[in-house]
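Going by UniProt numbering, the first residue of the sequence shown is number 1, and it counts up by one from there.
Simulated from the structure, these hints should not be mistaken for laboratory data. Glycine is no exception: its CB is placed at the ideal position from the N, C-alpha and C atoms. Any given hint could turn out to be false.
[Claimed, not checked] Pairs of lysine-lysine, BS3-like flavour, derived with a Cα cap of 27 Å:
#1 Lys57 x Lys47
#2 Lys19 x Lys67
#3 Lys139 x Lys62
#4 Lys142 x Lys62
[As the list claims (entries may be wrong)] Restraint-style ranges between C-beta atoms, simulated for each label pair:
#5 Lys142 x Lys47: 22 to 28 Å
#6 Thr27 x Thr126: 28 to 34 Å
#7 Ala144 x Gly72: 35 to 41 Å
#8 Lys19 x His105: 33 to 39 Å
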Amino acid sequence: MSNTELLGFRIRSVWQQIKRLMNRHLTENDGYGLTGMQFAIVSYIAKESAERDVFQKNLEQKFDIRKSTVTGILNTMERDGFLRRETVPYDARLRKMMLTNKALHAITNTEQVIDTVEAQLSKGLTEEEITTFLNILEKISKNAES
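Sequences are here, hints too, so could you generate the full structure?
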């Protein structure tokens, strides 16, 4: 079996294509200089912070990325004016993520990018095929955890 036929290789290859597609759409639609991952983080924080405080650990778990990777992304986003980290009164060790107005405007102006990318990715697929694919991905994810 060649490398291009291996399951993990194909998944990584498709993921790279999706990242490039997302970043291209964000650039074309004034994504405020956000990358796809940064936009995903901003969207997550916006959604979750309405219900509860969001911390770096939440991002590590949600996006299944290492602490050092999240730290780098958050440092860049803080430097670029998309978020602030503030201590919480109940535990001085914790710093919750707070979006700036710049980040909130970016969400408003780029939410259609997600819809556009999703439409392009699912073009020609039936609901049944999408459901089957998502079920298979879930099984692969669980297999990778063990």
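Violating hint indices (sorted, rising): Those not satisfied are hints 7, 8.
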